[in-house]
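Trainee: Below are the chains, spelled out letter by letter.
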Amino acid sequence: MASQANNDKRELILEINDLHKSFGDFEVLKGVNFKVYKGETHVICGPSGSGKSTALFCINGLEKYQKGEIIFKNEVITRHNVRKIRTKVGIVFQHFELFPHLTALDNVMIAPRKILKQDYKVVKKRAEELFKKVGLADRMNHYPYQLSGGQKQRVAIIRCLAMEPDLILFDEPTSALDPEMIKEVLEVMKNLALDGMTMIVVTHELGFAKEVANYISFFEGGNIVETRPPDEFFKGDGSERTKLFLKNIINV
Amino acid sequence: MQFNLKLFIRFFPQLLNGYFATLKYAGVGILLSLLFGLIIGVVLCMRIPVITFILKWYIDIFRETPLIVQMYLLYYGLPYMGILLSAPVAGMMAIILNESAFVAEIVRGGIESINPGQERAALSLGFGRVHLLIRILLPQALKSIYPSLTGQASYVLKDTSLLTLVTIVELTSVSRYLNSKYLIPGTAFIGSAIFYVVTFWVIQFVVYLLQRRQKWN
Amino acid sequence: MELSKHLITWRLLIVQGLPQTLKLALVSLALSFVVGVLLGVIRSRKWIIINQILGVYLGVIRGIPFLLLLLLIYFTTPIRDIFIASVVTLTVFNSSYISEIIAGGIDGLSQGQFKAGKSLGMNGIEVMCYVILPQVLNLTMPALLGQMVILIKGTATCSAIGYVEITRTGTVAMEAFGNPQIIYIYVMILYFVMCHALTVIGRKLEIKGKLKMIGKA
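Chains as they are written, first to last, in my numbering: chain A, -12 to 239; chain B, 8 to 224; chain C, 232 to 448.
Rather than coming from a laboratory, the hints here were simulated on the basis of the structure.
One or more hints might be untrue.
[As the list claims (entries may be wrong)] Computed beta-carbon distance windows for the label pairs:
1. B:Ser120 / C:Asn354: 37 to 45 Å
2. B:Trp64 / A:Leu181: 26 to 34 Å
3. C:Leu368 / A:Pro87: 33 to 41 Å
[Said to hold, decoys possible] A partial selection of chain B residues facing chain C, derived with a Cβ cut-off under 8 Å:
4. Ile58
5. Thr59
6. Lys165
7. Ala200
Ideal Cβ placement from N, Cα and C applies to all residues, glycine included.
My request is simple: use the sequences and hints to build the entire structure.
Mentor: This is the structure in structure tokens:
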């Protein structure tokens, strides 16, 4: 695409080629093609059940796929290297999935310490700075059940950041939050994008997309219908299906 | 034929000794069956093909055949294979093998009932399956299953009474002895029943306290 | 041991032992069921004094080891027949657990069911028989099947007071044929076949029950 001509100088972080996935007889991903370059924030939106989350989970191997390949930083992802790649690709879940038996601090520290085997002091310092950055320095020693939804999701985000990943995937990060808390999480995500993190965000929050995204992809019926920069996307001079989707959203 | 308090007091020391023996066997049985059951349950959740198959069969066989037959097999049957076990060892082995199977099922159930999102989160951070089982799933599972696990204590306690059938001296065998020697079934059996029931109530109470504390959290 | 002895053993176990086990199990099961459901319904009514008394009774029955209960009933009551003593013990023992299962099932059913039945003009007993119990029995079937397994395992212990069933037949065969331990393995296989069948049915019912709950069956 013309708008991506300049990107060939930048680093290609993730490439998905012809991804097909079926649940039994039902094909949910029908040949998805996708590219994300370093520093980009790429939002994926579309109707529920279109396969967006499934595609996301295929990237880090949580879902298996029948056909296609996923390439992370020029390395094809196979079952042999997927564990290594998971330490470089973070994922933020809709329902936070913090570990309830660990404090917030321990939640953030456990993976760098136990998986990457990094030094305790180094990890602790990094974790404390991350907590400060998202405004939760006073909550480090709290347990997940003592935190609000927005706080939990912010901890979930820095749990990913503590691993110093090259890419973070977001699966509808604000869908399970009460409206008052959505803003605080989107703020964190916005700052993350401005700091240069490469992000793929599946979301319905089109306001966020408009403000922060480099590209928005409309996902429907198991494939990407079109991908455009935000201003073009919202102008609605793209495909018919996108127009229909936008019309329904704007009316709400 | 019925309970005679004077006789009960007279034979109380013997019954007490039997009770201590029972406690001894029960203690060992509870500890070891919890330990083995925990290990087996966790290994079962690792989903290693051959081992899972063997363990599942072990669990089914020991949960679905009578403990008394398992004891007879180990005590009367093994000598034929050249393995001569002393009565306490054979009897306890049967109890431990039996109850470990139950504990393993409880542990497995607890682990598998944890919301799968936890597993996904841990896998996404790069945890391997074994690591995630032990550090993430097991602590959470233990929190929900420990009332059942402590309830196991009363089952092991009752199992020990079968040891009398393989010539081990404990509370039930003392009462049988008293009955056959002095023909005082009421005193002997009701007397030993008192020991068992009181112990059972103490265990129940502890389980109740633990369950209440769990609900609190 | 030559082949003929193996065959004789199996013939003994199946022709002599198995019918006795089944006779004991089925009679006890029927009685336990009737008594258990009755007690369960009574407990669900939550009449204070009766519940207190029942609570103590159940607490005692569950606290005594099965073997001790058997000895108690056989030696201290006027019952002299081994079969009847075994049936009574199995009934007393298992009905207490069944009553708990049923009471739990009734409590779990929503109040709306009672109201619906009453508003159709049924009295309390009719509601219980036509509306509540059918649902409860369906719901608790897996747990009831589990209790059946426990009951069958209990019949083996009745061999201790001399009732001739599979286990006792096996012991006799062992002594006759010079103690080969393979015989107890045959005994275990027999029990396993019976109990495992029940367990498998129970598991299938549990899965079907879960599917029903999320609207898929």
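Trainee: Confirm or reject each hint.
Mentor: Going down the list of hints, with the structure as the test:
1. Judged by the Cβ atoms, the range 37 to 45 Å given for B:Ser120 and C:Asn354 holds: they are separated by roughly 41 Å.
2. B:Trp64 and A:Leu181 have their C-beta atoms about 58 Å apart, which leaves the hinted 26 to 34 Å range violated.
3. Distance hint check: the CB atoms of C:Leu368 and A:Pro87 are about 37 Å apart, consistent with the given range 33 to 41 Å.
4. At its closest, the beta carbon of B:Ile58 sits 21 Å from a beta carbon of chain C; the interface hint therefore is violated under the 8 Å criterion.
5. With its C-beta approaching chain C no nearer than about 16 Å, B:Thr59 sits outside the 8 Å limit, and its interface hint is violated.
6. Look at B:Lys165: its Cβ gets to within about 4 Å of chain C, closer than 8 Å, so that hint holds up.
7. The interface hint given for B:Ala200 is met, as the beta carbon of that residue sits about 5 Å from the closest beta carbon of chain C, less than 8 Å.
In terms of the numbered hints stated before, the structure departs from hints 2, 4, 5, listed from lowest to highest.
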